[in-house]
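Respectively, the protein sequence lines represent chains A and B. Counting along the first sequence from 1, when you hit position 150 you're at 150 in UniProt numbering, and nothing is skipped either side. Counting along the second sequence from 1, when you hit position 1438 you're at 1438 in UniProt numbering, and nothing is skipped either side.
In short, the hints are calculated from the structure, not lab data. Check each hint, because a few of them may be wrong.
Claimed, not checked - Some chain B residues well away from chain A (every beta-carbon gap over 12 Å; in silico):
1) V316
2) K382
3) E896
4) L949
Said to hold, decoys possible - Here are the simulated distance ranges between beta carbons:
5) B:D1045 <-> A:G15: 41 to 49 Å
6) A:Q45 <-> B:L380: 52 to 60 Å
7) A:G15 <-> B:N689: 55 to 63 Å
8) A:R148 <-> B:A1281: 49 to 57 Å
9) A:G15 <-> B:L380: 32 to 40 Å
10) B:S1473 <-> A:Q45: 44 to 52 Å
11) B:P323 <-> A:G15: 51 to 59 Å
12) B:S918 <-> A:G15: 33 to 41 Å
13) A:G15 <-> B:K358: 50 to 58 Å
14) A:R148 <-> B:T725: 50 to 58 Å
15) A:R148 <-> B:R319: 50 to 58 Å
16) A:Q45 <-> B:A1281: 30 to 38 Å
17) B:A1281 <-> A:G15: 27 to 35 Å
18) B:K1578 <-> A:Q45: 44 to 52 Å
Here a beta-carbon is modelled for each residue, glycine too, at the ideal position from N, C-alpha and C.
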Amino acid sequence: MAEVHVIGQIVGATGFSESSLFCKWGVHTGAAWKLLSGVREGQTQVDTPQIGDMAYWSHPIDLHFATKGLQGWPRLHLQVWSQDSFGRCQLAGYGFCHVPSSPGTHKLDCPTWRPLGSWREQLARAFVGGGPQLLHGDAIYSGADRYRLHTAAGGTVHLDLGLLLRHFDRYGVEC
Amino acid sequence: MDPKEEKMKIITEEVMENDEDADAGREKTAKAHRPRRKRQLRTAGPAEMVSGRADLGGPQEAAPEDPDPNTQLLGVSARRGPRSLPPIPSASRTGFAEFSMRERMREKLQAARSKAESALLQEMPTPRPRRLRGPGEKDLETEFGTEPGGGTQRTPREDDPQAHARVKFRDSARKIKSKPPVPPGFPSAEEAYNFFTFSFDPEPEESEEKTKVRSRDGANQEEEEGEGEEPPVRGANETDEEELLRGKDAEDFLLGLDPAAEDLVAVRPADYDGARVRLQKEKELLFTPSRLTVPTYKKLPENVQPRFLEDEGLYVGTRPAVPRTTQNIVENRLLMQDPDRKWFGDDGRILALPNPIKPFPARPPALTQGQGVNAELETLYKKAVRYVHRSQHMIGSGDPPGNFQLDIDISGLIFTHHPCFSREHVLAAKLAQLYDQYLARRQRNKAKFLSDKLQALRNAVQTGLDPAKTQKSIDITQKAINEYKSEIRQTRKLRDVEQEKDRTLLKTIIKVWKEMKSLREFQRFTNTPLKLVLRKEKVDQKADAEAYEAEIQAEVSELLEELSEEHEQRMEEYRAAYQQWKAWKKAQRAKKKKKKHAAEEHPEEEGEEPLPGEGPVKPVPPEPPSGAVLEQQVRERAARSRRRPGEPTLVPELTLAGSVTPNDQCPRVEVLRREDVKRRSVYLKVIFNGKEVSRTEVRPLGADFRVHFGQIFNLQIVNWPESLTLQVYETVGHSGTTLLAEVFLPIPESTVVSGRAPTEEVEFSSTQHVTLDHEGVGSGVPFSFEADGSNQLILMTSGKVSNSVAWAIGENGIPLIPPLSQQSIGFRSALKRADAISSIGASGLTDMKKLAKWAAESKLDPNDPSNGPLMQLISVATSGESYVPGFFRLEQLQQEFNFVSDEELNRSKRFRLLHLRSQEVPEFRNYKQIPAYDREIMEKVFQDYEKRLRDRNVIETKDHVDGHRAVVAKYLQQVRESVLNRFLIAKRHFLLTDLIVEEEVPNISSEGSGILGLSLFKLAEQKRPLRPRRKGRKKVTAQNLSDGDIKLLVNIIRAYDIPVRKPAAGKFQQPARSSRTFGEKRAASPPAHSSPAPSADYPLGQVLVRPFVEVSFQRTICHTTTAEGPNPSWNEELELPFRAPNGDYSMTSLQSVKDDVFINIFDEVLYDISEDDRERGSGTHTRIERHWLGCVKIPFSTIYFQARIDGTFKIDIPPVLLGYSKERSVILERGFDPVRSLSEGSYITLFITIEPQLVPGEPVREKFDSQEDEKLLQATEKFQAECALKFPNRQCPATVLDLSGKTVFVTRYLKPLNPPPELLEAHPNNPQATAELVARYVSLIPFLPDSVSFAGICDLWSTSDQFLDLLAGDEEEHAVLLCNYFLSLGKKAWLVMGNAIPEGPTAYVLTREQSHYLIWNPCSGHFYAQFDTFCPLKSVGCLIGPDNIWFNIQRYDSPLRINFDVTKPKLWKSFFSRSLPYPGLSSVQPEELVYQGSDKAAAAELQDRIEKILKEKIMDWRPRHLTRWNRYCTSTLRHFLPLLEASRGAGVEDDHRAELLRQLGDYRFSGFPLHMPYSELKPLIEAVYSTGVHNIDVPSVEFALAVYVHPYPKNVLSVWIYVASLIRNR
């Protein structure tokens, strides 16, 4: 019956070669977790940085979980997309990170990657846009044999998350 | 000693062997130097041990002394010392030696000290490392201790080039010195250094050392001679040896340093030892471990048996593979080196960790293009596409719940024929089949059933024949009996057939069994365990025989009866035939006679006379039925089909108890067959929609040709399954698989869910032809049982698969069945939706089989803890249990680690509350500040919610006085919910403008929106401070508001034509003194008074009326000051706070606020209550009474949507206002006569708005599906776009939504519909009156704005019958109904869409009378002439007729200024025109409206209830006063109300007043009737409350309340409430 509040924001992203970025995010939890309020997933606006190369989204995340166990601690998966000048969207990176497990504020940097695809696809991506995407989004945080996946590094997504934990001590979890 | 060192040791051994010059090693860096030396020492001992024998030749005298306990003690003590106390070597010898050694050392130490000064200086700055390194190196200590030994070993080489050695040695010495820690009590580093750098005289050591070597050799020799492994002895030896070594080491240093002290340099020839010598020396030095296997006992402590953990069942990992010889060498060395045997385990082997190396190379398989990529990791190249859809959410949201599951349980496979069947098997299969058939038959037991039926029928016939019992007409019974009899016949036949079948079946079984037995005997072996046992059930012979006999007799008698009947019939026939024949015969005879006459001459012809075919044959009389023959027949049949009496019942029992002949007793061919069977195995593939989804395990074919799988496959599917197939594969040995057959499984009905599905057997057969070279009969090949090959049979492989297919049930009990219309769209998203667990689970399922197989093949150690979960899984998967966990890796131990159980989590009130709040459940939507602890949350918080959930389908009649309305309310609620859900999604779609407010750039050029241009122009405009204009305000979105932020501003400006007081009892009696109003006495002259005096009745100076306005909203009341006169001007602004329900200020919530703003106009009457005139001089005692005059009611939703309401409204004044009259004289006062005369009534000018201005909800911009023609829809869009372009403010709804949310063309709503016949009959001759009555009827249907029922969503139009059923609707429904009625009355009527006050956009009805147009307000029933100024309709957007729409394209839209002639295309733009002719749209309205008659009784009941409730309410509202009811007055009023209804409130006032005055003469009376349509009770109560009748607190006041409910057809109720207060005049 412990509770976890995750309050924070997706600040932005750096290091992407693309410019107009937006981010889809989602929180995945184990079966022991129950979302009391807040939205599990969302999508930011498209930010086109004018100064510097950091795209700022400042997208709020506010989740309130109840849990009956530690398994399946919330994890955050991100998809960074870029929008080109024609308004077309293409994948810029997948990212994954765990929500921190200690209370307080945390600055997280979540590096991202994207599937590379065959040389033809790479070529196509370079010239006409688009690009290989995971067929199943959950491969971001699950699946075996991931070595089969050839990826290229994307940029980093920056998050500020604040955590409030409640009643964990009651069940012998120190935090 | 760690393995690394060992290894290095081995290396150094080699080095020592190969390298001639030992010093070469020393010359290397100090680092290399040190370890090497260590190694030397270590190997030195054993080497000597081995080579010791060679040295035995010259034994020294000291040897026997060696085991001396004393020395040993010393040795032990010295053991700690050697690194610091150099002179140890002698210590083990004798006291003397030790002494001399020490002496010498001390001397040398002294001498060397000075020499070492310089080196010391160098050394000093780095003392730290020593300290630091010291403590950690325990083993180094001992190593170091033995180190000197190495030195001593090298004594023979002391004549090395000294200069070399010296330089090097200093280095090494320094190094060594830095190594050891300095334990307390030992010489300091400095001392040690001094000591080592001191040069000693080497001579005396020589001999001593030798002796030591000898002695040690001796000891070793002892050991080797089998002295035993006694640890103490060995320990002694070793210590001894070590001491020795240490001594030598010390010496070595000394020697090495020797030259340093020398000044003289001598040149000597290179020293060379011959190879042999060197080898010999090496033998002395080196220890070479033996390669022989060490016996186990040596490696174990004494008297300990080796213990093998593996045998005890504990897990022991695989040891790394090491060559045996290497192991032996290591073991040998360890034995020598480590006396504790700590390197050996319990089993006597060297301790070893499990082999860490994977058994296979870890290189991942090369990724070949296009294959081998896991399904989850697959990527898809997607083109960069524009984002068009709004609702692409994150992974997996909004997808339909797409996971469906089909459970396929394959329990087993039975071959009914198989190529490997032997002949016996064929028979056995046949037998089994027959037996199955028998069992099935026996279970059905049809023969028994039929016998019983027969019995019952016979009984029935018996009773039917019984004359005593049958009182009924004989015909009927006879008929029935006949029927029974025929039934009996049928049944008997059936029974006989059944019995015969049973018997033949039994016979066949026995026959086949006999065949089988003979076959077994013939072939002299048994293949099948089948055994047929015939159980005889004894029967009571006598009883049986009797029953048998009785049965036969019964049958015979019945048959006899039947036959006799038949016989009778036949006889009849016969007689007829006979007659015929006779007649013929006669004729014939007559003919004959004639002929005879004629043919007397030809007598020979006579013989031919009776020609056979000529006439009818003489009929043979039918034989009468003979009982005996019949009985004979019956008996025969019985014998054939039935058990003979007394014959025991045979019950065959097929068992598998028989034994199969073991292989060795079988002939070769049979053995071959059996082996062939063994080699065969079978598995099934599950093919779903043509794709293999899983397969069973490969199971060997049993000797009985049964295969048991017992596996359940959970197919997680997304689509509706097209086909489900099982493929039976057979594997023969290793030669590959063949597809035997395909079994098509039926897809289960959606009602078949797992757990309830029966196991079905599906048969299959194969066409394969197999010929085998052994006993197997093959398949598709003829074979025979006979020896001669006759009677051939051809059998095909066939069998049965027993399986069950069912839909799985989800967690919440919902079967996971896809909807039938499921398309394949959702496929990908549904997969996406599957989260990690299920995706792993899904792939894991298929993997699991492979996994289990692999595990079985690779012989995984089941005891290995790391294999634990896997083995568990495999055991579950292979045990054939039905439960296969979907996933095994994730959250495997979830249960164990849970803090709390699910139930507890769900019980938590706090969580529940939070969850409900976030779900926006209405009760909790704006619940603020949920308590932090469960205990602080009251249980009753949920009560309402739970009650609502419970009552969802229960119709509550408590709140609704009338049952029908309760049903309607429920229905409305349901429609509302479903519609809300539909729109909820649509509401989430945002457009850019929803998110971003972009101020328009000022633009001079454009006319309409050219703010800049206009404002520039405005700047120049003349300011008129006395005529202020309202400024636009900024709109506020509702989200940040809280209680008290929103205020309702009501600006009351003025009123016209307020009713004025009438002297209450003018005609009948003198006004009582106390009833004179206070105002009368005042000499003041209000403006109204300046006008010409009213009628003579009025006393001079009397104020006609002193009205004030009270605004009540949400039970907050504000009122203006009191003005005077019938045309008061207040010009006051009232501020009322607004509270949203539950504090929820969201748009949806605000839209659904149902509160009304009541604007009540009161007359303030002052009464002087001074009892006598004496007080009058000193003070005034007045009582203020207020008399309600009328009200205006404006729903909040109107204000909300309109943002402001500005205009003059008609005051709703009750038809009878006792004590007041509309002042006719007023007409004289002002100049509005023409206008005023047209519309009687009072008016009030208001301005209402909300501060801050709220953003009203926008209609949903969603395109709804429609059944309209696509062309029509396009035309509609075009038309609307054109209209909007020209006049954006005029509304023109061409299409509307019906109740089911579909777009419907608006003209379809208009169609002549019959009004209730009662209304038509009321005024048969007066069409105008009828029209008014109809309008009234329509207005009596309660008004319920759509925006309230369907909060903020859109306008839904219900058809007229729906409207009448619901009895609630807004303007459109009223208008449509009214318009339809008018159409049916033969009027020309249109729907007017426009703006009105206070409703805003609304619908009115326009009718064309002979010369003029009338505008009808459908909600109030009033009508207005076109040029009526007070017509609430302010603008006209369009007219809608039954067949066209006309859009107003005139310049003005006010009804006063427009022309309603729709035939003029310049004024009205019509939708259907020549280019688009009216297609003849069918109406959505019903053909005819059906009206139930009014239910008077229900109305009366309702009337009583309303009255009772209202009385209670009034008493509730007066908590501090006594409320008396004047019964007399009440009854008077009650009589009066029906009159009002009849006259619709007109023209009865005077009579009424007279009546009342006559009856209640001595009361001062104020009261009025209220009239309302009936919807619920609440508005009635609210209306009564708003009049404030209950506010009178005169102690003597009495009340009267009467209610009248007039029922109209279709349950439309008109409610009249008469409230009055009476004060007795004194």
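Hints and how they fare:
Here V316 (chain B) stays apart from chain A, with its beta-carbon at least about 29 Å from theirs, past the 12 Å limit. A cut-off of 12 Å between C-beta atoms contradicts the statement that K382 (chain B) is not in contact with chain A; the least separation is 5 Å. A cut-off of 12 Å between C-beta atoms contradicts the statement that E896 (chain B) is not in contact with chain A; the least separation is 9 Å. With a cut of 12 Å on Cβ distances, L949 (chain B) stays outside the contact zone with chain A, its closest approach being about 20 Å.
A C-beta distance of roughly 45 Å is found between D1045 (chain B) and G15 (chain A), which places it inside the suggested range of 41 to 49 Å. For Q45 (chain A) and L380 (chain B), the hinted distance range of 52 to 60 Å is not satisfied, since their beta carbons lie about 26 Å from each other. Our hint of 55 to 63 Å for G15 (chain A) and N689 (chain B) is violated, since their Cβ atoms are close to 45 Å apart. Taken as a hint, the range 49 to 57 Å holds for the pair R148 (chain A) and A1281 (chain B), whose Cβ atoms sit roughly 55 Å apart.
Checking the proposed 32 to 40 Å range against G15 (chain A) and L380 (chain B) shows it is violated: the Cβ atoms sit about 25 Å from each other. Hint check: S1473 (chain B) to Q45 (chain A), Cβ distance near 47 Å, so the stated range 44 to 52 Å holds. For P323 (chain B) and G15 (chain A), the hinted distance range of 51 to 59 Å is satisfied, since their beta carbons lie about 54 Å from each other. For the hinted restraint 33 to 41 Å between S918 (chain B) and G15 (chain A), the CB-CB distance of approximately 35 Å keeps it satisfied.
As the Cβ distance of G15 (chain A) to K358 (chain B) is approximately 37 Å, the hint placing it in 50 to 58 Å is violated. The beta-carbon spacing between R148 (chain A) and T725 (chain B), approximately 31 Å, falls outside the hinted interval of 50 to 58 Å. Between R148 (chain A) and R319 (chain B), the C-beta spacing of about 34 Å breaks the proposed range 50 to 58 Å. For the pair Q45 (chain A) and A1281 (chain B), the beta carbons lie near 31 Å from each other, so the given range of 30 to 38 Å is met.
Roughly 48 Å separates the CB atoms of A1281 (chain B) and G15 (chain A), a value that falls outside the hinted 27 to 35 Å. Against the hinted window of 44 to 52 Å, the Cβ-Cβ separation of K1578 (chain B) and Q45 (chain A) comes to about 46 Å, which satisfies the hint.
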